[in-house]
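**Q** Chains as they are written, first to last, in full-length UniProt numbering: chain L, 1 to 307; chain Y, 1 to 253.
Any given hint could be a false lead.
[Claimed, not checked] Footprint (simulated), chain L over chain Y, 3 or more residues, beta carbon under 8 Å:
| id | stretch |
| --- | --- |
| 1 | 76-88 |
| 2 | 92-100 |
[As the list claims (entries may be wrong)] Across the chosen pairs, the derived CB separations fall in these ranges:
| id | chain 1 | residue 1 | chain 2 | residue 2 | range |
| --- | --- | --- | --- | --- | --- |
| 3 | Y | L173 | L | K19 | 55 to 61 Å |
| 4 | L | D298 | Y | T247 | 41 to 47 Å |
| 5 | L | K22 | Y | T197 | 55 to 61 Å |
These are computed hints drawn from the structure, not numbers from a lab. In this text, a Cβ means the ideal position worked out from N, Cα and C, and glycines have one as well.
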Amino acid sequence: MSSIISVANLSKTYGSGFKALKNVNLDIKRGEIFALLGPNGAGKTTLISIICGIANPSEGKVLVGGENIQTSYRKARSLIGLVPQELHTDAFESVWATVSFSRGLFGKPKNPDHIEKVLKDLSLWDKKDNKIITLSGGMKRRVMIAKALSHEPQILFLDEPTAGVDVELRKGMWEVVRTLQQSGVTIILTTHYIEEAEEMADRIGVINKGEIVLIEDKATLMQKLGKKRLTLHLQGKLDALPESLGHYELELCDAGATLVYDYDTKGERTGITSLLGDLRTAGIRFNDLDTTQSSLEDIFVDLVRTS
Amino acid sequence: MNHRAIRAIYLFEMARTWRTLLQSIVSPVVSTSLYFVVFGAAIGSRISQVEGVSYGTFIVPGLIMLSVLTQSIANASFGIYFPKFTGTIYEILSAPISYFEIVLGYVGAAATKSIILGLIILATAGLFVPLHIHHPVWMLAFLVLTAVTFSLFGFIIGIWADGFEKLQMIPMLVVTPLTFLGGSFYSIDMLPPTWRTVAMLNPVVYLISGFRWSFYEIADVSMSVSVGMTLAFLVICLVVIWWIFRTGYRLKN
């Protein structure tokens, strides 16, 4: 799959001396949903702002659709739709007027049919004549998405699209994003909700302290870094573990009622078979057992902590 | 050239004028009418002619300039400051549009509003005093030049301001006094010699003088000097705006 965005050696130092981005290299594939994860202040919004033309880079190069964002900014920017994190909207304009304004701003001829389709897709059609100030927060968020889609972009940036949005609306937005991807739009989203990335993304990038810590296919990432946990519910409580089980790094929980064993799914041997054998030898019996897989959130927290 | 983007900004800004018709048009017209009543009728009736024209007629170009200057600055500064304030500037900065086109959209709309306002005030003045414009083409040219120049100046203030106080500061503390002291209500020749010299440092003197000449062929300074000074101010504003966009001053990080 070819790259639609190519970021090379990108750095950003603010006037205060703060380095928001440090030599970032990133390729976004055409047609994918890419989730950029990172804690607050990691550099996510700065990276998006530079690609979209809102902030100037200190060093490095960015190509969008093969066009340099600085020397060929018209072509590059016309490919992009941006939904920023904050709800920046005109208060006194109607939904229809503000979305139509965005289309004109991006140099596209009037197309009421397209605007109508966008508003209908985002369940905003019945609000088209309402002033934006009268809309709820979730509706305003959708208006911003409508503005970003008004000029039929090939790339859509969603910076924290579901921040402060209720569960139902969040799931509705995921549907919209999936539909957009099916129509060929490349989507880059930043999010705090790991669940969102896990649900939506094809690939995941993690940024921390201005550096890209990891870029990986979501499935591979889950497989590579995913840990599983075996929990054994014991028949009788244990005061301490026998020495014969010392090398398994077991954890005795719930006042000795459960035994927890973490193992790596990528390892050739998980050690489960021998553990169960050794438990029987040691005379430890259990009523039940369950296994759980670490979530993307666990992976993310681990990565950020170690980077 | 992204014509559609210029048009979009221009129409968006003009739509705000129609939406706020009362503040944009009616309010300046009412205050100007009051000037005519106070200065033209009440005080003017006690003043004999100024350089061959009645006082009420004499102050018409100055009053138009007063409104055009202040409204150009107010319209343009608010036009660009408001998106900065609400955050919607992100869309302008991320659009495939050059800085020149952004300025054309905002300043074009602000200047248009001022010109319309100037012409409405002129028509209103016609209700109070007899008017005869000797050089209508020059009058229009001066009106357009002044509206554009001071809209550019307003655009600079709108970029510079980081709060509503600053937005008001320059127009209230600098522009209004300069306009009142720039010969709106009197001829510079009426001042004592020392103050006449000081007055010549006021750029507004040249605007009002040139504009008044196009009406009555009377001027404090020659027409060419008036045009030259206005153009010089226009060029200064353009250079400052070019620098703002080149550096991203108060627009981009």
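**Q** Would you check chain L against the stretch 92-100 of chain Y, counting CB to CB pairs closer than 8 Å, and say if three or more residues qualify?
**A** Holds: 7 residues of the stretch 92-100 of chain Y have a Cβ under 8 Å from chain L.
**Q** Range hint 41 to 47 Å: satisfied by the CB atoms of D298/L and T247/Y?
**A** 45 Å, holds
**Q** Looking only at beta-carbon atoms, does the pair K22/L, T197/Y fall within the given range of 55 to 61 Å?
**A** Cβ of K22/L to Cβ of T197/Y: about 60 Å, so the range 55 to 61 Å holds.
**Q** Please check whether L173/Y and K19/L have a Cβ separation lying inside 55 to 61 Å.
**A** 40 Å, violated
**Q** Using C-beta distances, would you say chain L covers the stretch 76-88 of chain Y, given that this needs three or more residues below 8 Å?
**A** holds (count 3)
When the structure is compared with the earlier hints, a violation turns up for hint 3 alone.
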